[in-house]
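Undergrad: If you read the sequences in order, they're chains A and B.
Mapping to numbering that gives the first Met the number 0: the first sequence position 120 is 119, numbers consecutive.
Mapping to numbering that gives the first Met the number 0: the second sequence position 64 is 63, numbers consecutive.
If you are wondering where the hints come from, they were derived from the structure by calculation, not from laboratory data.
Watch out, some of these pointers could steer you wrong.
[As the list claims (entries may be wrong)] Straight-line C-alpha distance at most 20 Å; calculated SDA-like pairs for lysine to any residue:
#1 K120(B) x N396(A)
#2 K23(B) x A356(A)
#3 K120(B) x F408(A)
#4 K81(B) x A123(B)
#5 K365(A) x N53(B)
#6 K365(A) x D44(B)
#7 K208(A) x A76(A)
#8 K120(B) x T31(A)
#9 K120(B) x D340(A)
#10 K208(A) x F408(A)
#11 K23(B) x D340(A)
#12 K23(B) x D78(B)
#13 K81(B) x S33(B)
#14 K21(A) x S119(B)
#15 K339(A) x S18(B)
#16 K16(A) x K23(B)
#17 K120(B) x A356(A)
#18 K238(A) x F107(A)
#19 K16(A) x K120(B)
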Amino acid sequence: MLDVKKIRKDFPMLDNKTMQGKPLVYLDNASTTFKPRSVIEAMNKYYLEMNANSHRGDYDLCYNMDMEVLATRKAIAKFINSDVNEVVFTSGDTEALNLVAYGYALKFLHKGDKILLSIEEHASNVLPWFRICELTGAEVIYVSLEKGRITLEGVKRAFNKDKNIKIVSLAHVGNVLGYEIPAKEIADVCHQNNAILVLDGAQSVPHMKTNFKELDADFLTFSAHKMCGPTGIGCLIGKYDLLQKMDTFHTGGGMNVTFKSSGEVIPLDAPSKFEAGTLNLSGIMGFKAAIEYLENIGLDNIHKHDQELFDYAISKLEGHDNILIYNKDARNGILSFNIKDVFAQDEATLLNSKGIAVRSGQHCAKMIDEVIGEPATVRMSTYLYTSKEDIDVFCENLINGGDILDAYFFN
Amino acid sequence: MPISLTNEMMRSIIMDHSSNPSNKRTPSSNDYESIHMHSDNCIDDLNIYLKIENNLVVDACFDGIACTISLSSTDIMCDLIKGKSKEKALYMIEQYNHMMHEEPFDDEVLDEAIVFINTSKQAARIRCATIGWNAAENILKGKK
């Protein structure tokens, strides 16, 4: 069990913050997470003590910054078990997925090729592929689901039916229902069929030990801000030979060896060839501090904590027939539900009036209504600083209900 | 409409309009001007239809998906806008927007729409309470 009381002291946002005049109960961690003081200090350190560009100077400040960037790259590589040169900095998960789409798929896909997705995917793992299909004549197809879950059998069936699948791109843990997919087994099936696996790790990497080499995915993407790190920084982890083979997406300074008036450009090797322009250096320093913070607590402990809170919430909510839970067996820190006959946004507004932050809607997975048969859900999501008391307040407010208009008239 | 409505009365007016929105229908004729509105922070996805004859709004209705606040506020907007000249309708919408943002407003013209006076307490829902009203404003101003 985590020492949540001690952990909470590390987070300025948890220091007696209120919302709507009530103690803040923050349960929207699948959207973004709070930052510990060490991350904020690391980011400030860039501006207060280290301000210089990287790769662009002959003086000490610049050299020191190069070392900081390398240190973060190494920290990420160790954290995710990849090689250092397999870590590409991006602005976040969305840019990382776009980089695979425009750098890899646009180069290697042709008319008639298929991209296998699920209808539960976040917009960032759907819309780049739609665009690639427009540009190449490839086609998106969807894996069949079993009770909202992506299964190995479903992926195998897709490959049996269609020999032209070249890319499979799936969330390692879904952002609405929170189910983990059998990524390693799916990677094996992809490779047996000469396809690659892109794993969207936005909801998995922050919450569970993720081993890139062991999973054998070809690409893995995630954002720092969902794991106690800064916004505006994330990464693409890619097998080095694929990174070398694929095209750059952004071009500009810092990504080329040389270029000539003829138009010839010699790009640097991966990962530098993808990192045109000045990097988010303050973000990179914060990213390293976030990884250090999480490693110090332990990813296995964080995952166990999420599971305990999930089970605790389910045990409290069970037996209340008006509370419809869509993913009782997910156990990954994401609980999606509705109150019978109450619109999701109205419920979220009522919870806001009690100081409870949750997300309502489709959570950017706009095809999810086809899975659960509801236009929207309310999503509660936990993290390492979420306390049992947070879950108590949340559950009590769901169970005791209250009229949704209380949010406007009882404050 | 007296401003002395009790909270209970205001709540029941909102609930009446959201559970039985009398103006939620798709027009059967094609002489309506319409506009589609959707929200990026709520599921609201609405078509608003106004029938305008000789500078007068003679009918107003809507269809689509909406949360309680957008459903009831749009339904009330449709009730109130019917029979108004373009100018009077625009003045009413302007006053409603002032109320939404806690600015001084002319309560005389807002009638039943006064029930949304507390929306700013839930700032994330202001967009819901104004979506139908903004749609009507856009139609009246010829913005599509």
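Undergrad: Are the hints correct? Go through all of them and say.
TA: Okay, the hints, checked on the actual structure:
no., hint, verdict
1, K120(B) x N396(A), "holds (19 Å)"
2, K23(B) x A356(A), "violated (31 Å)"
3, K120(B) x F408(A), "holds (9 Å)"
4, K81(B) x A123(B), "violated (28 Å)"
5, K365(A) x N53(B), "violated (42 Å)"
6, K365(A) x D44(B), "holds (13 Å)"
7, K208(A) x A76(A), "holds (13 Å)"
8, K120(B) x T31(A), "violated (24 Å)"
9, K120(B) x D340(A), "violated (23 Å)"
10, K208(A) x F408(A), "violated (45 Å)"
11, K23(B) x D340(A), "holds (19 Å)"
12, K23(B) x D78(B), "holds (11 Å)"
13, K81(B) x S33(B), "holds (15 Å)"
14, K21(A) x S119(B), "holds (17 Å)"
15, K339(A) x S18(B), "holds (15 Å)"
16, K16(A) x K23(B), "violated (41 Å)"
17, K120(B) x A356(A), "holds (15 Å)"
18, K238(A) x F107(A), "holds (16 Å)"
19, K16(A) x K120(B), "holds (18 Å)"
Comparing the model with each earlier hint shows violations of hints 2, 4, 5, 8, 9, 10 and 16; every other hint is respected.
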